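J.: Between the sequences and the hints, there should be enough to build the whole structure, so can you do that?
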Amino acid sequence: MTDEPFKRLMCLGCGFSYDEALGLPEHGIAPGTRWEDIPADWVCPDCGTPKHLFEMIVVGYASGGADLARTA
Amino acid sequence: MSQSFIIRNEERGHDLIKSDGSRSSYIAGHPDGFVTRASSFNFHEYQGGRPGFGTIRVFGDEVFHGAGCGYNMHPHHNFAICAFVFGGELTHINTAGEGMVDRLRVGDYYVFSAGSGGKHSELSVTTEDMQAIYLWVLPEQLYLPPSYHRGHFDFRCRRNELVQLVGDADGALPIPQDLRVSRLIADKGRSFHYAPRTLGHGTYVFVREGKIRCFGSELGHRDSIGISSVDGFDIEIIDDDSDVLIVETVLVDEANIRKWESEHAGH
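These protein sequence lines map, in sequence, to chains A and B.
Using the working numbering, read the first sequence as starting at 195 and increasing by one per residue.
Using the working numbering, read the second sequence as starting at 1324 and increasing by one per residue.
Be aware that a few hints might be false.
Dumping the calculated EDC-like pairs for lysine to aspartate or glutamate here, alpha-carbon to alpha-carbon at most 16 Å [to be verified]: (1) B:1442 <-> A:240; (2) A:245 <-> B:1368; (3) A:245 <-> A:213; (4) B:1341 <-> B:1385; (5) B:1582 <-> A:249; (6) B:1341 <-> B:1452; (7) B:1511 <-> B:1532.
Covered, in the sense of this in silico footprint (three residues per stretch, anywhere, with C-beta under 8 Å from a C-beta of chain A), are these stretches of chain B [stated by the list, open to error]: (8) 1396-1402; (9) 1433-1439.
Counterexamples of contact, computed for chain B against chain A with all Cβ distances above 10 Å [to be verified]: (10) 1324; (11) 1331; (12) 1486; (13) 1561.
No lab work stands behind these hints, which were simulated from the structure alone.
Values in this document were obtained by computation on a predicted structure and should not be read as measured data.
Cβ coordinates follow ideal geometry from the N, Cα and C atoms, glycine included.
T.: Pasting the structure below:
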């Protein structure tokens, strides 16, 4: 385990976001899954953009946004 | 210390995306439609240039060729997407709010904030090619309620005037980011001063038509310059009917862009 803060990343093809804290349970990725532990051949579930074209972002959620992101 | 970078027309990424084969579900207009896109910043297949500037991630100069050409319905999140129409007609089907079908002609523009999720389709349904500039901006917050606004730039009434189209000025369309888009259509010999809000704002100046001198450089058709850490700068019009888009963005501390800049020092 690491105490590194959880990161957020955004797909530069469509704006879909991945939040390490939330994971993507509906896409089989458990909450807490680090970005580097997601396979290199993973692609954006919305638009198919490859993993390496996601960008780490430091942007907060709008009110209620984290709940929406969990099931995006 | 002031900083600037120039992207010449021919240095941009050029894509031709056909509506057949593997892209047929994405690009409308089968069998003979195609989209051409010149990207100022890295986007999709083009990854040979700058990753962006401030909150700008996409600045795409696009033409939809052929009746029925465009993008089929596809999803977005988070990005604030603007389109400025310069020719033809853009039919825009959008799910934001209650959803709508919009038709944009010369001078029309929209701001679509995808926020918590939205879908849209963009089509040129007439035989005239549709010309637009697309601007994608990181949002100030993730998963905002989606929104759609549209406006019109009246180039006959607003000549020789810096007109803010998107931002916080009176009549400008709102966008959930510290960003302003202005347009200038002007005559030869005129000069205009642009002052970004603070030293922490950068300005991207794109010459769609004509020729200008800006920050010590002559910029022609589809050339552009990004300027940071200055109180202001002048745009001197060299050619009649010069048409210039100006995007002022807060300079967020983006690791991706910093890394690229350090690797391309002096570029």
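J.: Each hint: holds or not?
T.: Checked hints:
no., hint, in the structure
1, B:1442 <-> A:240, "holds, 11 Å"
2, A:245 <-> B:1368, "holds, 14 Å"
3, A:245 <-> A:213, "holds, 13 Å"
4, B:1341 <-> B:1385, "holds, 13 Å"
5, B:1582 <-> A:249, "holds, 12 Å"
6, B:1341 <-> B:1452, "holds, 15 Å"
7, B:1511 <-> B:1532, "holds, 12 Å"
8, 1396-1402, "holds (count 6)"
9, 1433-1439, "holds (count 3)"
10, 1324, "holds, 25 Å"
11, 1331, "holds, 23 Å"
12, 1486, "holds, 28 Å"
13, 1561, "holds, 35 Å"
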